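Two chains, each in its own frame: build the complex with the hints.
What follows is each chain in one-letter form.
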Amino acid sequence: MKILVAVKRVLDANVKVRVKADGSGMELANAKMAMNPFCEIAVEQAVRMKEAGQAEEIIAVSMGPEACQEQLRTALALGCDRGILVTADGEIAPLQVAKMLRELVEREGAGLVILGKQSIDSDNNQVGQMLAALAGMGQGTFACGAELADGRILVTREIDGGEQTVSLELPAVVTTDLRLNEPRYASLPNIMKAKRKPVEQLTPVDLNVEMDSNLKTLRVSPPAERAAGIVVQSVEELVGKLRNEARVI
Amino acid sequence: MSILVVAEHDNRELKPATLNAVTCAMEIASYLENPAIHLLVAGHDCAAVANAGAAIAGMGKVIQTDAAFLAQQLPENMAPLLRELAGDYSHILAPASTTGKNFMPRLAALLDVAQISDVSAVESADTFVRPIYAGNALATVQSSDQVKVITVRSTAFDTAETDSDRVPITSFEFCLEQDLSRFVSENLSVSERPELTSASVVISGGRGMQNGENFMMLEKIADKLNAAVGASRAAVDAGFVPNDMQVGQTGKIVAPDLYIAVGISGAIQHLAGMKDSKVIVAINKDAEAPIFQVADFGLVADLFKALPELEQAL
Ligand SMILES: Cc1cc2nc3c(=O)[nH]c(=O)nc-3n(C[C@H](O)[C@H](O)[C@H](O)COP(=O)(O)OP(=O)(O)OC[C@H]3O[C@@H](n4cnc5c(N)ncnc54)[C@H](O)[C@@H]3O)c2cc1C
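Residue numbers (the working numbering), protein chains in the order written: chain A, 1 to 249; chain B, 1 to 314.
Don't read these hints as lab results, they were simulated from the structure. Please read these numbers as outputs of a predicted model, since none were measured by experiment. Please note: incorrect hints may appear among the correct ones.
[Unchecked claim] Only pairs whose alpha carbons sit at most 25 Å apart, straight line, appear in this in silico DSS-like list of lysine-lysine:
#1 A/Lys241 x B/Lys305
#2 A/Lys241 x A/Lys32
#3 A/Lys193 x A/Lys2
#4 A/Lys241 x B/Lys285
#5 A/Lys16 x B/Lys285
#6 B/Lys224 x A/Lys241
[Said to hold, decoys possible] Below, a sample of chain B positions facing chain A; criterion: calculated Cβ distance under 8 Å:
#7 Lys101
#8 Val113
#9 Ile268
#10 Lys285
The beta carbon of each residue, even a glycine, is placed where N, CA and C say it ideally should be.
Isolated chain B, as found in the complex (with noise of 0.2 Å):
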């Protein structure tokens, strides 16, 4: 039985919550008898992609498919590529990422099968564990399907170690012609900072920030902590900060080791995205918002005056 798992990647980067992929991969094949792992890497010029995926442990091999209509992975191409491939697989693997959300269902309903969002933990080789409501709850459901297809919280898993021996890269040839979406244009933050998916700090900020210039106080504790910045839904609706900031149930799901909470009150939505933290601050000036039942460290303060403080502490 062998798990294919699909690259999250921009053609010229492996993106790391490919690596958490793979270790729920690892954790499924534990109940597999000779299981095998495989990473699908589907794009334009993507070979550095595969490159980097040959070396990742626990890898069987890497299939790669080049070309150009696979350039922004969309849905009616990826789709039908997966499903040429599901054939040998018992499982297929993608991050729960805007562009694994994007197309994994697709493929599932192409193979008339269920498709399973946002792994958080692996029972057994047909039985997962995911949030609902929010994360209010956890459901543990089972898969009687011949092809489990799933997509997979980066966050609830480790990354997988990337300097194993090269395994072989196969090419696969799969040709598309279809005119039902065609891809016009891209507008990609760009930042010198880690990723907020995978920044080991993230700093937020919700609407007490106000404006969008007052996020420069954030910045600049995020530049001292080497941590990424990220937003309530609040804050982003009001146009201080871009959408790709936004955490939360439909946002990004973020669990850094250390997230602070900056003038956010702490709703159940804003809570989804970040409530796995291993250690969570709030800075806050209303002793009763609902953020400091989730902190480990709650500051009562007017954010004004803490930001230039800490800024000066760190």
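Next up, chain A with everything else stripped away, as it sits in the complex (with noise of 0.2 Å):
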């Protein structure tokens, strides 16, 4: 079985970001980088299952500047065996994504697509989905858990309420959450080793799909800011404050 993994370049975790001056977006430039976290899990994943004997090859697919290169060759460290970069400027709206995996989901004939559930920039929780709609394919979403078993592949899910397990037929789509799994870090050797590896290279036109989305960001602005706070010194003026000041209990 092939597994597909999709890797997303966003701005690293850690990294406070701060909205532009004239709201046409994030305060980017020069900013630290990073595969996104909910990527790491799904790379994570595919190798797991390569180790395991359950899959022969793992591709990752990163799609964006030209940039994404750099996470590329994170996945490939981490023991992803080839890489396709889809080269496009700009923002690439959900819908785009899951056209383009759907094509090369397609090309490759994968058995299995592992995606993050989102991404911490846009924070939109889609592309997965919309995938499995375009593909025909099942969707184990927002996975803490995924098994293969009798052709199938079972997955069980971080829901409000608890935990749910499906049982999806292959081939299938899995985004995972956060407990899936505990991504390791790449090696020095095998930094070197996915140096070599092979990262072909294509664009939207390449797979027939229009980038033209139908949901335009206008503009962005901050978040209202929250009025200073005080400190109290004892729980008694705590619950004092809260009580007659407050009003909350």
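Okay, structure coming up:
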């Protein structure tokens, strides 16, 4: 079985980000970028399945600027076998990402697609579900467990009320939640080896996907600031304030 | 122009998040000509839910699709059902719960339209605000799609009233056979407490709680305040408490009247889930912890000393 994993280049989760003064987007120039944390978990899941003899090949796909090479190389250093970079400028809408992935899934004959449940920049949480719809596959979203069994995959999902397990026909789409696994770090020799692994470069045109989205971002603004609070000296003072000033208890 | 709201429920009860989505629908409706709002209750043996839905203020009618294959509202079943209904609507809304987030993008892809996630404000019939970057920014987005497929951030909208004259319930028959996905099992947390996302008081513990047993200290206080108990990701990852208690960017979004953060440092991913609370209290022994920057009342103290005192004082 071939596994396709999608990896997105995003602002590093530890970097505090500000809105640009002109409201056109975020202040990202020279900011530290990284692989989306949920995509790291997707890569780890694919690598573990390959190590367990359940997959022969892992293909990592990234879409965006040329610089996504970095995240693809990280994926290759972590154990993916080859990469595909679809270069495109600007923000790519989830539906367009899903359409391109669908085309790649078909070309590669992937038996399983693993993606992060959301990217920590646009916070959409859409691509996996859209891909599953377009490819006519089942979807196991927000996964905290995934196991192959009898030609299907059992996915345990984190849901609002607790956990749910579904059994999906293969090929299927799985999107990862935080507790699916703990991603490894790439070793230096593997980072060196990754430099020689192949990365194919494509464009949206190669995949016959129109990049125009019907959803336009008009502006980006900072959220309302909270008024500064106070430090109380004791539990007694705290309870007094909550009762008499804030009146919330 | 009509708006369809998809009810959040467990076949027995209508969940409050539905009522927030209805309020969002009413705001959108105020920009439409001759608007009507319909509620879809899709499930199995869900008549009680449809009945409850029929009394929501502002509703034109309730559509009930009742069939065994809809019992868990699997997206592989919900999306085709909604596609069937979509032709009559300019907007389809569902709460941004794990259920809505699961089937709404699937529906959008079937309709070949964008999906708009986690809408927190309505500017017009086609322009909406949604948080991005863990709530560090708000994006104003405009959709030119025929059908706007929207998930609604519950904490951003009031709950609609539920004591209206009942509207008619119509039944919509829909059959589907698919083997892409089968429901296997569910492991749901049972709690006597109010639901985390709709409680008016929430007390959450973080890594500072040290273990699961110590959460009893929070439970005791929660009992006195009729509060829900939440947690940071670190507390969930460490196995102190189950995943459904996680508050944050990738967990639950809460905005109670009072949020008490105990032994939580205040990482942006945690703040993303609670910083719209009316009053925030932080109890942390580290005066430099970022949680104090959003707290209305901060207490720099050892939680093992402060919590028993707090329980006494209530
Ligand atoms: C992709 C991604 C998604 C994430 N999503 C979420 C999310 O949804 N929700 C979430 O919460 N986090 C999320 N995180 C994790 C987040 O970045 C933090 O790691 C996490 O919130 C930290 O939890 P914490 O505050 O409990 O632990 P810590 O940061 O370790 O803080 C513990 C705090 O407890 C205090 N403390 C310790 N002992 C005591 C004591 N005896 N008395 C008083 N105070 C004490 C310490 O001073 C410290 O401030 C996410 C991270 C990533 C990368």
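Here is how each hint holds up against the structure:
1. A/Lys241 x B/Lys305: 19 Å, holds
2. A/Lys241 x A/Lys32: Not OK: A/Lys241 and A/Lys32 at ~42 Å, beyond 25 Å, violated.
3. A/Lys193 x A/Lys2: Satisfied, since the Cα-Cα distance of roughly 21 Å is no more than 25 Å.
4. A/Lys241 x B/Lys285: 20 Å, holds
5. A/Lys16 x B/Lys285: Holds: A/Lys16 and B/Lys285 sit about 24 Å apart, inside 25 Å.
6. B/Lys224 x A/Lys241: 17 Å, holds
7. Lys101: 5 Å, holds
8. Val113: At about 7 Å, which falls below the 8 Å cut-off, the nearest Cβ of chain A leaves the hint on B/Val113 intact, so it holds.
9. Ile268: Constraint on B/Ile268 satisfied, holds at 7 Å.
10. Lys285: Not OK, violated: B/Lys285 not within 8 Å of chain A, min 13 Å.
Of the numbered hints given earlier, the model fails hints 2, 10; all others are met.
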